[in-house]
Structure formats: structure tokens, C-alpha cells
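Peer 1: In case you want the letters, here they are:
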Amino acid sequence: MKTEKYEVVTRYVIDNQNKLYRIAYHYMQDKDTTLDMVQNTICKVLEKHETLRSTEAVAVWVHRILINECMTYLKKSKREISMEEDDLPPIVYVEKGYEATEDVYQQLKMLPEAMQTVVVLYYFQEFSLSEIAEITKTPLSTVKTRLYSALKKLKVAIEKEKMV
Amino acid sequence: MKKIEQAKKQYNEVVIPKELNNLVLSTIKKYEKEKSKTSLSIYKKTGKYFLITAASVVACFTLLLNTSEAFAKEMEGLPIIGNIAKILTVRTYKEEKEGIKIEATIPGIEVASDSVVEEKVEEKLLDVNQVIQEVSDRYMNEAKQRAEEYKKAFLETGGTEEEWKEHEIEIKVDYEIMYQDETTVSFLFMGSENWASAYAVREYYNIDLKTGETITLSSRFGDGYEEWINEEIMSQMEAQMKQDSSATYWVSNPSWKGEKSEFDGFVSVTDQTKFYLNQSGNVVLVFEKYEVGPGSMGSPEFEIVPKS
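First to last, the sequence lines map onto chains A and B. For the first sequence, numbering that gives the first Met the number 0 begins at 0 and goes up steadily by one. For the second sequence, numbering that gives the first Met the number 0 begins at 0 and goes up steadily by one.
Careful: at least some of the hints might be erroneous.
[To be verified] Interface residues of chain B toward chain A, partial, derived using beta-carbon atoms under 10 angstroms:
#	residue
1	Glu4
2	Gln5
3	Asn11
4	Val13
5	Asn20
6	Leu22
7	Lys29
If you're looking for bench data, these hints aren't it; they were derived computationally from the structure. If you're wondering where the values come from, they're calculated on a predicted model, not measured in any experiment. The beta-carbon is built from N, C-alpha and C at its ideal position, and this holds for glycine as well.
Starting from the given sequences, assemble the full structure and let the hints guide the process.
Peer 2: This is the structure we're talking about:
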């Protein structure tokens with residue numbers, strides 16, 4: 000029996016396979032593990048497609064499952080880079096309009112995962128802040144805080160590097 | 000914010016592996032097949048040992064294109080899909096036991112369910128799968144045996160299990176599609192062992208999908224191709240040696256006007272000469288290492304552009 004939900008889910012994963020691969024690759028940084036993550040996610044969304052709340056929510060839902068999958072993997076394999084708040088450079092005031100050519104993407108990967116996720120979803124995968132709140136199951140205010148502190152930290156990290 | 004734009008660009012630059020699409024489609028297919036049989040979870044992952052179960056392997060073989068509407072549409076839109084058949088991964092296998100890692104991605108020909116090929120042709124195409132299966136099974140078994148013998152010898156001569164693990168012995172079976180259109184397919188089957196390159200296997204398969212027959216040099220160029228292709232190869236060798244003083248070929252063909260080589264070398268192409276079809280659909284002849292030149296030349300290749 001092919002339900003509408005099932006069709007929507009399969010259509011979404013087929014059409015957005017590259018998008019899904021990219022975000023998983025962001026966390027995994029390895030082709031084979033990324034493919035595994037994508038495959039596991041597809042298995043999960045197919046198995047659970049009946050629990051999809053509404054067909055409009057498919058993007059948010061698939062991303063939530065994919066990100067969960069990646070996070071679980073990172074935790075399990077203990078490959079997670081420990082980056083507590085204290086380890087990060089202090090937040091300092093940065094003059095606006097300052098331009099840098101440093102590798103922001105590398106800096107981004109150094110941030111705590113929760114912050115990375117917000118930045119990646121917002122700027123790269125182009126989700127709205129409220130959608131991100133749903134994907135990450137966190138209150139909207141927390142998402143905003145994470146986005147702003149991530150941006151601040153990115154600037155700071157680049158500034159620091161530049162001075163060395 | 001410019002910096003974020005740069006980061007986004009980098010993020011988007013990640014290379015999408017060409018197997019992703021097949022993986023997505025076959026996972027969906029597998030789910031549909033499994034679901035009609037059982038409600039068990041499709042994936043069983045236990046530690047490092049990961050094997051797609053036999054039932055789902057069979058499911059992969061019979062990838063019917065018209066069961067899901069979304070799926071069928073997708074297949075239509077793909078440029079690589081011929082109207083008869085295509086190459087795809089029919090089996091993947093990963094294993095790690097006693098410090099010996101095996102990773103296999105085995106190709107096969109998939110006949111489209113809506114194609115109108117004769118049964119005879121379809122059978123021939125499926126025979127190719129059988130051959131590939133046998134070749135890869137044989138290779139994996141032999142490689143495993145070699146690795147085990149190596150391990151035994153290593154331990155007997157005073158090596159420890161820990162030291163053995165550091166060797167990171169790996170057996171790999173994989174494939175690469177060289178060329179594909181509606182009626183022809185050319186792919187390379189590769190087997191390798193990271194500790195003994197001498198046993199590496201590289202087999203090219205060139206198949207006419209309309210007839211199911213293997214493409215040979217004579218079916219491609221007609222009888223009597225040897226002479227002009229030999230001339231072509233020798234002129235390419237000569238040109239390369241002229242251009243690059245480190246390039247060396249050994250030639251034993253009687254009409255060779257260049258320097259006589261001290262070793263036996265190139266005489267003539269035959270129907271046994273290996274070749275594949277490149278992106279432009281041209282024949283590229285491949286010689287074994289040491290066959291027509293010193294090891295430093297690697298495994299030389301010559302593209303044969305058909306004479307107009």
C-alpha cells in the first residue's frame with residue numbers, strides 16, 4: 000500500500016539526496032560513513048513514514064532524523080571533539096564591516112556541534128529559525144542564541160588567527 | 000555576510016559520490032521488497048561486521064522500475080540509464096576479522112523491466128553477472144587465503160597479534176564505469192590487496208546491450224584491424240618517446256623503425272588485448288605492466304580514434 004506520505008517521503012529523499020549527503024558529510028568528513036548515515040536515515044524515514052505529522056513537514060522531519068543519526072554516530076565512536084564553552088576563545092567586540100579571507104568553514108567545524116548545526120541549517124540548507132527549532136527540538140530562543148554566539152565566535156576565531 | 004558565503008561555497012563543494020544515487024534508489028527498493036515479505040528491520044549492524052543480508056541482496060538484483068511512481072519517474076530522468084540495461088552495484092560486503100579487512104562493491108548488469116530485449120539477450124546479460132560474481136568470489140577467497148598465510152608466517156616468525164593489527168591488511172573489490180550509453184557499456188572490475196600489488200586484478204568488460212555479446216576489437220573495427228592499429232600504437236609510442244626522454248617502450252614488431260629494444264616487447268594487438276571505452280566512446284587499449292615497456296611506464300594505454 001502506497002500512501003501519500005510514503006510517496007512524499009521517497010520523493011523528498013530522491014530529490015534531495017545531494018543536500019542530505021552534504022550535511023551528513025559536514026559531520027562525518029568521510030565518504031563511506033556519510034553514505035552509511037544517508038542509508039540508515041533513508042531506512043528510518045521509510046520505516047517510520049506513517050509518523051510524519053504532515054506532508055509539508057517532510058524536510059524538517061528528514062533532517063531531524065539525519066542529524067540525530069549523525070550525532071548518535073559521533074557520540075558512539077567518540078570522535079566528537081570535546082569543545083566545552085571554556086575551551087573557546089573569549090568573546091570580544093569586533094568592529095563591523097571588517098573583511099577576512101580566512102577559512103571560515105574550518106573555523107565553523109571547530110565550534111560545538113549544536114552551534115554548527117544551527118549555522119549549517121540556517122545559512123547552507125536555508126531553513127528558517129523556527130524550522131531549525133523543530134529539527135533540533137530546542138526552543139526558538141535557544142536557536143537564536145546559538146546562531147548569534149556562533150557568529151561571534153567565528154569572527155573572534157578569525158581575528159585571533161590573523162593576529163598571530 | 001561575505002565570510003558565510005565563502006563557507007557555504009566550501010560546504011557545497013563536497014564531491015557527491017556517484018554511487019549515492021544508486022544507494023538511495025536501492026535502499027528504497029529494498030525497503031519495499033522487504034516490507035512485502037516481513038516487517039523485520041532491514042538493517043542488522045553488529046559491531047564492525049556489516050553485511051547486507053542475503054534476502055536483500057536478492058532484492059537488489061531484481062530492481063523493478065515501475066513499482067513506485069516517484070521511483071519510476073526518477074529512473075526516466077537519469078541520463079545514465081539506457082533503455083535496455085545499466086550497471087549498478089548488486090552487492091556490497093564489509094568484513095573485518097583477525098585484522099583482515101574486506102571491502103567489496105560488486106557490479107552487475109541490471110536489465111530494465113520495461114525494456115524490450117529478447118529473452119536470449121537478457122539471459123546473456125545475466126550470464127555476465129554470473130561471471131563477475133565468480134571472478135569476485137574467487138578473487139576474495141584467494142586474497143583471503145593469501146592474507147591468512149601471510150599472517151601465519153608473520154606470527155610464526157615472531158610477530159605478535161598487536162603488530163599484525165598494525166599492518167591494516169585490506170582486500171578491496173570495486174568497479175568503475177568507463178562508458179555507458181543506450182546500447183553499450185564498458186566497465187572496469189578491480190580487485191586489490193594493499194600488501195601485495197602483484198595479485199591485483201583489473202578486468203575490463205565491454206558489452207553490447209543489444210545482443211548481450213562481449214565487444215571485441217574485431218567486432219568493433221572489422222577483420223584486419225591489426226595492421227593499422229599496430230601502426231597507430233607505434234606512432235603514439237614514437238611520439239611519446241620523442242616528447243619525453245624518460246618514456247621507454249620495447250617494440251618487437253618487424254616494421255618498427257626505431258631503436259631495437261633489449262627486451263621482447265610490443266608485437267601486435269590481438270583479440271586478447273585488453274581495452275575499455277573512454278568517455279568519448281573510443282577504444283583505449285591497455286597493456287600490462289612490463290608487457291611493452293619497463294615498470295616505470297606503468298600500464299600503458301593507447302586511445303584509438305576511428306579513422307574517418
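Peer 1: Hints first: check each against the structure and report whether it holds.
Peer 2: Tested hints:
no. : hint  : result
1   : Glu4  : holds (9 angstroms)
2   : Gln5  : holds (6 angstroms)
3   : Asn11 : holds (7 angstroms)
4   : Val13 : holds (5 angstroms)
5   : Asn20 : holds (7 angstroms)
6   : Leu22 : holds (6 angstroms)
7   : Lys29 : holds (8 angstroms)
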